[in-house]
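Going by my numbering, the first residue of the sequence shown is number 1, and it counts up by one from there.
Honestly, the hints are just simulated from the structure, not real lab data.
Keep in mind the model is a prediction, meaning the values are calculated, not measured.
Accuracy of the hints is not assured; some may be wrong.
[Claimed, not checked] Derived Cβ-Cβ restraints for the label pairs, each shown as a range:
1) D225 to G548: 21 to 31 Å
2) P274 to L80: 43 to 53 Å
3) A590 to E320: 46 to 56 Å
4) Q495 to A314: 35 to 45 Å
Built from N, CA and C at the ideal position, the CB exists for glycine as well.
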Amino acid sequence: MSDRMGRGEWREPSFEQGRGNSRDDFDMRLSDDDRTLRGQRAAPRKEPRTPPRRDKRSGGGRRRGRKGRSFLGGLFYWTLVLGLWCAIGVGGLVAYHAAQLPPINQLTVPKRPPNIAILAADGSLLANRGETGGRTITIGEIPPYLPKAFVAIEDRRFYEHFGIDPIGLTRAVVNNLRRSGGVQGGSTLTQQLAKNLFLTQERTAARKIQEAILALWLERTYSKDQILELYLNRVYFGSGAYGVEAAAQRYFNKSARSVTIAEAAMLAGLVQAPSRLAPNRNPEAAEKRAQLVIAAMAEQGLISQASAKTALVAPAEATERIGAGSVNYAADYVMDVLDDFIGAVEGDVTVLTTIDTKLQASAETILVEALAAQGAKLHAGQGAVVSMAPDGALRALIGGRDYTKSQFNRATAARRQPGSAFKPFVYLAALEQGMTPDTIREDSPVTIKGWTPENNSRTYRGPVTLQTAFAHSLNTVPVKLNQEVTPRESVRVAQRLGISSALQANPSLALGTSEVTPVELTTAYATFANGGQAVLPYVIREVKSLSGKVIYARKGAGFGTVVQPQTLSMMNAMFHEVMTSGTGSKANIAGWEVGGKSGTTQDFRDAWFVGFTARLVTAVWVGNDDNSTMKRVFGSGLPAEIWAKYMRAAHAGMQPAPLPGGLWHGAPKSIFDGGAPVAGMRPPANTQTAEGDRAWVQPAPQQKNLLERLFGG
């Protein structure tokens, strides 16, 4: 059919036959605009392209230019893409770790654990108690060069960066790569504070990210000086000291307000490695580090060259506090009773105590030296000293010979048998029932329900006055008196005077078989020194908050008169006789009216000496923690020696004062008494005591007839 058609003839295309091909042919005739209107539903036919003729004269330069531009463009593109993905990855990582933190709008700086600063009576620091080891201190209280020392060595761009220091971080990385100046860290002071406040000490990438986030928050929330103040109060300095005040007290025995430039430099250098650079452990390393700090301060213009030279010439040295061991026993006792006065401690407080630093140090030195000299020979391993004013104020409290080896406070917590030191309560009960020091009782064997007590000398004196029996610590007489007045009455008298431990109302009570603590016994004896008033031992005078608000102040509080004046006078006369002719004669204090009583328990397990003047009451105990026996240590021996040495030193320079209430001088005289009480005979001055090698035996008083009474025998 097509063969019969001429070339010039045109026939309308048929869409019925060859539909696909005919439409394609038709679409080829459409213009570009038509195809645009049709939505470009059909792709244009691609004509074969004749390859361009290469110009030999060009040498292919155009193609190479295109390839170069294509390579640089690709490199830029992929770098941009990679950077974008890295940014997204870092952002996601930061967002993930930020989500592990509390919401930023809820973040608060955690409260610093409260510190309890325990001060002596003169205001000097005895010890700090609490987790931090020192009180909070403001940046305005300390010398300017102290915070500058930390800035110089830890973060010289502290006042310029925004919490994170890219320049410092880069410098640290470069220096570490070069290995110059040792390994350096890039953390700012703000980052270190963030770690101390909110995070653990683990070294992980996650912690570093959180540290940076928190540093930014701190910089946005607080001023630079506030951040620096927080840092100085939270950073760890070793030896349990958190904060610059605690560190200054720990290493230099002074407040941070008083440190020198050399000491400030040593403290600033210490935070890098507290255990390795502690000046009390490694003074050479601490000094070398301090020299670097001083040099950095001078280089940055934070101190003058002259000040730097002075600090280098006179480096800081760690000091040991006098009495640093024993004061901890007193501080522990303060903490034991503090809750009773102020309840839970919410913030830093200052506790003013009654402790006298000189008496505390003296008591510790005397006790430790005595045990060091004689302890091994006598098998006496431990000791305790309690010294208080007659009103109950504790002046010295030694709970053992070495606090670093044993923190058990024997002065307040050890219950030991007092032996003959308990006898005064039995004699007081007898005097209150009408007896006097001149009352005669028989020193003779006694058996009560199968129990037969004996005198230490294993001898008996026959009829003796109560005063003589008391002065020479006879055993049979107080045992008989205890039965007369009843053991229950002896218990009531002891409790009335301040003994709070459980006492057994039995026949052996008279010989001190019920256990008491040294502080209890001292308190009870204080009644005889203060005129018959019952007191409670106390160590806290005042408690103040950091702002100076008085939280607690002690007011005079006694329990009134518990021993009547006449009875007190008789008891003090008997105590005084102990010191002049009895078991305490070697411990007397020249010029003073002194009362005292020794005590020795069975098998020499405990040895005591308790005595008093109008100014001071002191008890000394010597023994062993395992209750093992000592080698014939009497109360009139080693304890009396320690007591006498301490009390003589404590009273040096004081004006002597008589015991309150006066001393009883015997029964009322009459013309029939021959100028002296019938039963008041006393031993000669050179007589040894019953606790010594030889006992003085008083002859029985002889009856006189009327003429002998009138005109003498």
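Verification of the supplied hints:
1. With their beta carbons about 22 Å apart, D225 and G548 fall inside the hinted range of 21 to 31 Å.
2. Separation of P274 from L80 is about 47 Å and conforms to the stated range, judged on CB atoms against 43 to 53 Å.
3. The hint said 46 to 56 Å for the Cβ distance between A590 and E320, and at roughly 35 Å that hint is violated.
4. Taken as a hint, the range 35 to 45 Å is violated for the pair Q495 and A314, whose Cβ atoms sit roughly 60 Å apart.
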